[in-house]
Amino acid sequence: MIEDDARPLLAHLPSEFLTWLWFVTEENGGRMNLGGEVGSVEIWVDDRIAFRSMSDDKNRAVITSENASSTREARAALAAGRVVKELRLMLKRDDREFSFILRGATLDICQAKLPGTVKNGGLAEVLYDRMYLYEELHFVNAALLKRFATERTSEDWHEVTAPRMRSWVAAALAVDTD
Amino acid sequence: MGLLKGGLTVRRYRVEGEPPEGFRASYPEFLGAYAFTEPASRTSKQERSGWVLSRNLLDTDFQELEAWLVDNWAIFQLRVDKKSLPAGLFKAHLEKRVEAWCDEHNRERAPKNVKDEIKDQLEFEWLQRALPRVQTTEVVWNLSEGYVLFHSLSTNANDRFRKLFLQTFGLKLVPHNPLDVLSESLADDLESTGGTDLRIEGGA
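Chains A and B are the protein sequences, given in the same order.
Mapping the first sequence onto numbering that gives the first Met the number 0, position 52 (from 1) lands on 51, and the numbers just tick up by one.
Mapping the second sequence onto numbering that gives the first Met the number 0, position 54 (from 1) lands on 53, and the numbers just tick up by one.
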């Protein structure tokens with residue numbers, strides 16, 4: 000493996016970002032106003048959540064179902080100390096809908112289905128269309144990460160957000176056992 | 000599945016440095032110098048890699064700019080070939096040949112040098128007939144904004160790609176760090192946070 004000079008991303012941050020994203024999409028019913036040039040988007044967890052343990056990078060549990068995010072298993076994994084390694088997300092911006100997985104320490108975009116409009120064009124046409132849409136996805140993900148970073152570094156994180164996230168985990172478990 | 004069609008799975012890189020002003024003249028030469036070439040011997044087991052055009056993995060002529068340069072986008076593929084033999088089947092055939100040699104020479108066992116010779120001969124025969132395993136991975140380079148997408152997350156494939164890219168263009172690829180999109184102070188603040196524990200007593 001090639002060694003890089005760039006500082007590596009601390010292991011807990013991508014997982015916390017993905018968990019926060021899952022939490023806020025449920026809390027806000029999937030609607031988020033990211034402000035600036037990004038504006039409003041709808042985003043929700045689709046049919047796949049993979050967890051790893053805190054200490055290593057191997058998948059420890061993978062939930063795949065239509066409502067993966069609302070299953071008891073998914074919250075139970077969080078309650079037991081598993082951390083999110085990847086999420087399959089659906090993103091809607093204006094009339095364009097994207098499906099993609101955000102994965103691992105570098106938050107790679109995987110298996111992205113882009114709402115391409117050019118089906119049978121020439122190389123240039125298809126390339127412009129695909130790269131424009133990829134850039135849009137990258138742009139929205141960057142805005143989501145900025146929003147997370149702002150919340151995560153605010154004083155409210157420990158006082159407000161983290162307790163709410165714990166309640167969110169606990170509530171799903173409690174409802175299921177009622 | 001690829002950059003132009005189907006699901007997109009990419010690792011993103013920042014290119015350190017910029018293409019020279021006359022890259023339209025020099026890059027066809029650079030790409031040609033590291034283009035994929037067939038091995039001189041059909042019996043070579045060595046892995047071979049090089050650039051090919053995106054339209055067809057057999058096309059390696061980069062002189063025509065329109066074939067790989069679209070406005071400020073360069074698009075091509077990394078091709079990697081490797082010949083390998085089915086280990087279990089090869090071992091079974093080798094044993095049969097050694098047995099045949101023993102029968103022919105009325106010996107209980109074949110000496111090591113004979114076994115090695117039979118093995119080399121069998122390998123030579125099989126490699127002549129074997130087709131390589133061919134892998135291609137698409138690359139797209141935004142020359143004006145200085146980033147590259149490589150359509151694979153495999154560590155080996157990415158390492159091979161980055162080495163060949165550096166050899167070809169003399170430019171280093173730095174993996175995209177999600178923190179790059181944040182201001183330096185926000186990234187520093189974020190990195191100084193500890194983990195958030197969401198565990199619940201008796202959870203799971």
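No lab work stands behind these hints, which were simulated from the structure alone.
Heads up, the beta-carbon is just placed ideally off N, CA and C, and yes, glycines get one too.
Honestly, I wouldn't trust all of these hints.
[Stated by the list, open to error] Computed Cβ-Cβ distance ranges for the label pairs, DEER-style:
#1 M53(A) to Q62(B): 50 to 60 Å
#2 P114(A) to F89(B): 23 to 33 Å
#3 A39(B) to T116(A): 26 to 36 Å
#4 V173(B) to T116(A): 26 to 36 Å
#5 E63(B) to T149(A): 46 to 56 Å
#6 E134(A) to L64(B): 16 to 26 Å
#7 E36(A) to G21(B): 45 to 55 Å
#8 G1(B) to S52(A): 11 to 21 Å
#9 K4(B) to T149(A): 34 to 44 Å
#10 E63(B) to P114(A): 26 to 36 Å
#11 A32(B) to E72(A): 29 to 39 Å
#12 G29(A) to K4(B): 20 to 30 Å
#13 G29(A) to Q45(B): 46 to 56 Å
#14 D179(B) to H157(A): 25 to 35 Å
With respect to the beta-carbon atoms only, verify the hint that E63(B) and P114(A) lie 26 to 36 Å apart. holds (32 Å)
Given the range 11 to 21 Å, decide if the beta-carbon distance of G1(B) to S52(A) lies inside it. 34 Å Cβ-Cβ, so the 11 to 21 Å window is violated.
Could one say that the CB atoms of K4(B) and T149(A) fall in the range 34 to 44 Å? holds (37 Å)
Assessment of proposed distance window 50 to 60 Å (beta carbons of M53(A), Q62(B)): holds (54 Å)
Starting from the range 25 to 35 Å, see whether the pair D179(B) and H157(A) falls in it by beta-carbon distance. Holds, at about 26 Å.
Range hint compliance [Cβ, G29(A) to K4(B), 20 to 30 Å]: holds (29 Å)
Quick check: does the Cβ-Cβ distance between V173(B) and T116(A) fall within 26 to 36 Å? Holds: the Cβ-Cβ distance is about 32 Å, inside 26 to 36 Å.
G29(A) paired with Q45(B), Cβ distance criterion 46 to 56 Å: holds (52 Å)
Verify the CB-CB distance for E134(A) and L64(B) against the hinted window 16 to 26 Å. holds (23 Å)
Between P114(A) and F89(B), is the Cβ distance one that fits in 23 to 33 Å? Cβ of P114(A) to Cβ of F89(B): about 48 Å, so the range 23 to 33 Å is violated.
Take the C-beta atom of E63(B) and the C-beta atom of T149(A), compute their distance, and say whether it sits inside 46 to 56 Å. holds (48 Å)
Against the range 45 to 55 Å, how does the distance between the Cβ atoms of E36(A) and G21(B) compare: consistent or not? Since the Cβ atoms of E36(A) and G21(B) sit about 35 Å apart, the hinted range of 45 to 55 Å is violated.
Going down the numbered hints, you'll see the structure goes against 2, 3, 7, 8, 11, while the others check out.
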